[in-house]
Structure formats: structure tokens, C-alpha cells
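Q: Put together the whole structure using the sequences plus the hints.
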Amino acid sequence: MTKTMIEATDVAMALGEGPGRVDALKGINLSLAGGELTLLMGPSGSGKTTLLSVLGCMLSPTGGIVQIRGRSTTGLDSEQLAELRRDNVGFVFQSYHLFPTLTAAENVRLALDVRGEHSPLARVKAAKALATVGLSHKANAFPRALSGGEQQRVAVARAIVGDASVILADEPTAALDSENGHAVMTVLAEIAKDPARAMFIVTHDPRIMPFADRILRIEDGRIVSDQRRGASLSAVRTLKYAS
Amino acid sequence: MTLILTLASRNLFHDRVRLIATIVGIVFSIVLVTVQLGVFLSFERMVTTMIDHAEADFWIVPAETKSFEGSALLAGRERLQALSVDGVTQAIPVVVGYASWRKPNAGASTPVLVVGAPTTSAGLQPWNVVEGSVDDLSMPDGVAIDRSYFEQLGIAQIRGRAEINNQKARVVAVTNGIRSFTTTPHVFASLERARTYLGVPPNRANYYIVRISPNANAAVVRSQLAASLPDAEVLTSEEFRHRTRVFWLFDTGAGAALLGSAILGIIVGTIIVAQTLYSSTKDHLKEFATLRAIGSSRMYILKVILAQALISAVVGFSIAASIDLALVKMTADAALPIVMTLELTAGLFGLTVMMCAIAAVSAIRVVTRIDPVLVFAQ
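Residue numbers (the numbering used here), protein chains in the order written: chain G, 1 to 243; chain R, 1 to 378.
Incorrect hints may have been included.
Using 20 angstroms as the maximum straight-line C-alpha spacing, the simulated SDA-like pairs for lysine to any residue come out as follows [what the hints assert, rightly or not]:
1. R:K286 to G:G148
2. R:K66 to R:K286
3. R:K286 to G:S95
4. R:K303 to G:S119
5. G:K128 to R:M1
6. R:K286 to G:E79
7. R:K303 to G:E83
8. R:K303 to G:R115
9. R:K286 to G:K128
10. R:K303 to G:Q80
11. R:K286 to G:E117
12. R:K286 to G:S78
13. R:K286 to G:S119
14. R:K329 to G:R144
15. G:K26 to G:S44
16. R:K303 to G:A174
17. R:K282 to R:A219
18. R:K282 to G:P100
19. R:K282 to G:S95
20. R:K282 to R:L302
21. R:K303 to G:P143
22. R:K303 to G:E79
23. R:K286 to G:A174
24. R:K303 to G:G116
Label-pair ranges, simulated between beta-carbon atoms [said to hold, decoys possible]:
25. R:V24 to G:E79: 35 to 41 angstroms
26. G:P195 to R:L302: 35 to 41 angstroms
27. G:H118 to R:G260: 41 to 47 angstroms
The set of hints was computed from the structure by calculation and includes no laboratory data. The beta-carbon is built from N, C-alpha and C at its ideal position, and this holds for glycine as well.
A: This is how it looks when you write it as C-alpha cells:
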């Protein structure tokens, strides 16, 4: 039986005030389970990134409840939200956001360092995470010496090294060519099989749909469709990554 | 080991131009502060050098005396009054005054400070005598000067002759290292000769150096001295030193100017470091936002910035300290040498760290307001 890692109940998010107020999210109800790779697709301005920010505890919703492994984010201040992210959420960004002055291994270890893990075990964990994404041989390389795909895989290693129960990815393949995009998605899909971890990917890229267990579509701040792997996903499965 | 220091140092050394600007700012600031404080310390020591070298238990000084160099004459009866107090063994007269030194062969004149005391008793004698002797001051027209003033006073060697206030003077003793904190050299003479040069009547003096019996109660003696000398003041050497320091360092404004320059140096250094740390932080804003996004606490980010400030402080201070040591050596024989003590060095290091920490405030203000959502901006 899969376990719910993150749950949004009637979540609303209003940005701005007065005449400039925008209702970015309207009554979002969502539950992400471990062992599942969920895609969120939708046009620009539909609320994808806002939903990712709310689920990732970067923004507090103006309405509704978000729970990470049963813990509500309601009423938490920025430090408490940071703590919740630190312990439960791993991020993968479109632009990788690696630290150019740190090696691949150090970039991965950083996610443990902010949690106060400085022991030799942290190095072992970082090495293991890099091995998971197939980059053990690049552990001492700086980001500038890595290809875009390799940098994104280092970012994936950073996201998983702390055993986060939720991996949130923002357009992880958008900056990559087909081959590297495929490689990154293969790694993410493999990681997503872990029942202790839910993966949620925001994307515009239809080529990654075959990797999904579930596809959500969002428009104007509302989820308008929720398709799971099976009959309804069989059509999209025929889409092949152009590799 | 935590990555905070690694991240901080690599952020700093990654942008070498900015790092150099930061270090130059710190070095400039600390060298300026050291020079000012070093000169201040030197000045502080030099203004009391005569008091430091006098063997006094107490000083009898004219009322409202502000410094060793600038006192009026005592009435003359103080010596006997002092000697009549139980426990007082000696009351040694000292005469001090500015005079005009005319170089040999009708040369130009230059001001000097004449210091006269009996050559036969301890009290205030020239020290570090390297040629001649203190006893030679009892020779007719005999005076002692420091060898560093030979050129200024037109003297080529011992036994050189000149005039003080149009009266003969002959260098019979030479000292080494008795420097004046002004451009006015000290000239030591016997008490009688000094009175003659300065036109001080016999039996009168500017000060009396009081020495008491080892068994005497100093507080009681002082109290009795003060009671018997209502028109004069009785000071300990420390009190006289303090009074002289206050006059030269603060009443004249000289010390305030030195301290003012030192403070200016700190302000300039702080601004330069603050500016470079701030711009460095702005340049790394997305990295700090990423740290925040992956769950780092504000404290973690503050530590990174403070570590950057601390590394800058250590590197900057090390370079500044090397330059300071060179300056100390270079000015060792100058009229006002820069003094560097262990306490000053430690204090300057603390000051450098504090300056850099304060400079980091603007950068810290930026990161404490950082929004992790920034990581989603392209």
C-alpha cells in the first residue's frame, strides 16, 4: 500500500492585493503518494510554479491546508518552513542552481551540511547519491566542467541525498537536449520507484510524459484533469522521447 | 567538517578583483589606524619621559601645572617646608624652561628645553649617557644633549660649543635616545647653570622632587606635605604623568587629531569592506536563495557571510601587520617612532574582525530578506 507523502486540501493562493490581486491557485485538492511520478502540465501562467512553491513549503497558501507527511504547513514561519523543506523536500531546478565554486560531491553534500550533517558519513552518503545518478567518476569536477545533463544529475543527487520524501522538480529537462533530457528522466523515474518517495515534476515537455505514473493538468489555477497510468495514459505512452 | 568555510572562502577567492579590493580596503584602513595609534602611543610615552626617568616619590609643582614642560616657578620656600615634614629625606629642585640655542660660529638659533637639576644627587639626571658623564655637567658651561640632535644644534662632537640665551654652553656629555616629542631638543645642565640660562633666581625652581624614607607612610607624608604647602600641589609620579598626558594629548588637540584619523581609517575601511561584501552577496543571491530553498536556516547563511568577512579580516590583517612591522622598523630612529605593542596588535586584530563583521551587516540584511522562490526565476 502506498503512503501519502504530501496532501493539499482546498489550497488557494492569492498574489498581490487590491486591483492587482491575482488568484494563482483556486481550490487545489491533491495527494501525492510514494513510489509515484506525477507530472504537472499546463500553459504558462496557469499556476504550475506557484503550486510547486506551495507544495515545496516556499510559499504559504492563503487558503486551504498543505500537509507534508501529515504535518501541516499552516501557521509556520519561514524558519519552520525551511526546516520542513530541509527534512522532507528535495528540489530539482530548471537551471540546476549548483554552486559554481563547489565540486559535484560538495554540491551534493551541501544538502546534508545545511541539516548539520558534517560527519564522514555525509561524504559516504554524497558518494552514494552521485553513484545513483551515475556520476561517481565526476565527484571532484566543478560544475563548469560538467555538461548540462551531468549538472542536472548532480542536482538530482543533491535532492535525494537527504532521503527526502518528496522530490519536486521544476522543468528539469527544459534546458537540456533530447539525449541529456532522456538520461535525467531515466534517473528520476528510477528514483521515483522508491515507495518512500513521491516525485512531482512541473513540465511543458511532452516527451517526458511516458515516464509518468500520473499526469495532472492545470489551467487558471485549477486542476482540470488527473490521469493515471493505464487506459487513459496509454495514448501518451506512445509518445517517444526523441533520443 | 562543515562546508561553510569552504563555501565562504571559495566565494571570496572566486572573484579575485573584488577580493583584492576588499583586502586593499582592510589593509589601508588597518595601516592607517596602526600608524595613528602607534604614534599616539609613542606620543603618550614620550611626553612623560622626564617624569618616567625621575626618581621621585612625590613632585611638588606650582598650582595648576598642566605639564612638565609648562610650569611656573615655585616661591622658593617649598624646599625647606618639605624637608620639615617627617619622612621626607630629600627635596631636589628641578628647573625647566625654553631657551634659545645659538649654533656655533654665530649660526642660526633654535629653541631648546633646558632641564636643570643638581648633579650631586639622584633626581632627574640625563640617562643613556654614551660619551662624557653626568658628573661632567658640573664643569663650567657644561651641558648634555642627545646625539640625534647634533645636526639640528650644529654640534659635530662632544666638546662642541654653542650659546644658550647668549651664554656659553659646552657639550660635555652625550646621550642616546632622549628624544623630544616636539622638534625642540632637551638640553641637560646643572641646576645652577640652568638657572643662569633661564634667568631663574637662586633658590627658586619649577619643581621639587621629593624622596621619602623607606619606612615612611607615603599617604601620611603626602597629606602633611599638602597641608604645609597650600600654594603648591603635591603629586605622585603617576598623577603628574596623567596630567601631562591629558594636556599634550587632549588639551592641545594633538591626541584627538590622531584618534580622529584612526576613527576615520576605521570608517573608510568599514565602508570599503561593506561595499564589496554587499556587492558579492548580491552577485551570489541566487546561490543563497538556493541554500534557503534546500532548507538551510538563516543562521547557516549568516555564518557563510560572516565567514567571508572573517577570512577577509584575517588575510587583510596579516598583510597590514607585515606593513606595520616594516613601518615600526623604519621609524625606530624618527623623532616620533611608531610604537607597536602586543596589546595594540591584538586590539587591532579584534578591531579588524569587528570592522569586517559590521561591514557584513548590509550583506546580512540582503540575505535575511531573501525569498527562496527566487530559484524559480529564470
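Q: Are the hints correct? Go through all of them and say.
A: Hints, one by one, checked against the model:
Pair hint K286 (chain R) plus G148 (chain G) holds up; C-alpha atoms about 18 angstroms apart against a cutoff of 20 angstroms. Of the pairs offered as hints, the one joining K66 (chain R) and K286 (chain R) is violated, with about 62 angstroms between alpha carbons and a cut-off of 20 angstroms exceeded. A hinted pair counts as satisfied when its Cα atoms are at most 20 angstroms apart, and K286 (chain R) with S95 (chain G) qualifies at roughly 11 angstroms. A threshold of 20 angstroms between alpha carbons decides the hint, and for K303 (chain R) with S119 (chain G) the separation of about 19 angstroms falls inside it, so the pair holds.
Of the supplied pair hints, the one linking K128 (chain G) and M1 (chain R) holds, its CA atoms being roughly 18 angstroms apart against a limit of 20 angstroms. With a C-alpha separation of about 18 angstroms, the suggested pair K286 (chain R) and E79 (chain G) falls inside the 20 angstroms cut-off, and the hint holds. Simply put, K303 (chain R) and E83 (chain G) have alpha-carbon atoms about 17 angstroms apart, close enough for the 20 angstroms limit, and the pair holds. Pair hint K303 (chain R) plus R115 (chain G) holds up; C-alpha atoms about 14 angstroms apart against a cutoff of 20 angstroms.
Taken as a hint, the K286 (chain R) and K128 (chain G) pair is broken in the structure, with Cα atoms around 27 angstroms apart against an allowance of 20 angstroms. Taking the CA atoms of K303 (chain R) and Q80 (chain G), the gap is near 19 angstroms; set against the 20 angstroms cutoff, the hint holds. With a C-alpha separation of about 23 angstroms, the suggested pairing of K286 (chain R) with E117 (chain G) is violated against the 20 angstroms cut-off. Straight-line distance between C-alpha atoms of K286 (chain R) and S78 (chain G) comes to about 18 angstroms, which keeps the hinted pair within the 20 angstroms bound.
A C-alpha spacing of about 27 angstroms is found between K286 (chain R) and S119 (chain G), which places the hinted pair above 20 angstroms, so the restraint is violated. Proposed proximity of K329 (chain R) and R144 (chain G) is contradicted: the alpha carbons are some 47 angstroms apart, above 20 angstroms. Simply put, K26 (chain G) and S44 (chain G) have alpha-carbon atoms about 16 angstroms apart, close enough for the 20 angstroms limit, and the pair holds. Distance check on the hinted pair: K303 (chain R) and A174 (chain G) sit about 34 angstroms apart at the alpha-carbon level, beyond 20 angstroms; violated.
A threshold of 20 angstroms between alpha carbons decides the hint, and for K282 (chain R) with A219 (chain R) the separation of about 65 angstroms lies outside it, so the pair is violated. A distance of roughly 15 angstroms separates the Cα atoms of K282 (chain R) and P100 (chain G); the hinted pair therefore holds under the 20 angstroms criterion. For the suggested pair K282 (chain R) and S95 (chain G), the alpha carbons sit about 18 angstroms apart, so the restraint of at most 20 angstroms is met. Of the pairs offered as hints, the one joining K282 (chain R) and L302 (chain R) holds, with about 14 angstroms between alpha carbons and a cut-off of 20 angstroms not exceeded.
As the CA atoms of K303 (chain R) and P143 (chain G) are separated by approximately 24 angstroms, the hinted pair breaks the 20 angstroms bound. For the hint pairing K303 (chain R) with E79 (chain G), the CA-to-CA distance comes to about 16 angstroms; that is within 20 angstroms, so the pair holds. Between K286 (chain R) and A174 (chain G) the CA atoms are separated by roughly 19 angstroms; this keeps the pair inside 20 angstroms, and the hint holds. Distance hint between K303 (chain R) and G116 (chain G) is fulfilled; the C-alpha atoms sit about 13 angstroms from each other, no more than 20 angstroms.
Between V24 (chain R) and E79 (chain G) the CB atoms are about 37 angstroms apart, so this pair conforms to the stated range of 35 to 41 angstroms. Our hint of 35 to 41 angstroms for P195 (chain G) and L302 (chain R) holds, since their Cβ atoms are close to 38 angstroms apart. For the hinted restraint 41 to 47 angstroms between H118 (chain G) and G260 (chain R), the CB-CB distance of approximately 46 angstroms keeps it satisfied.
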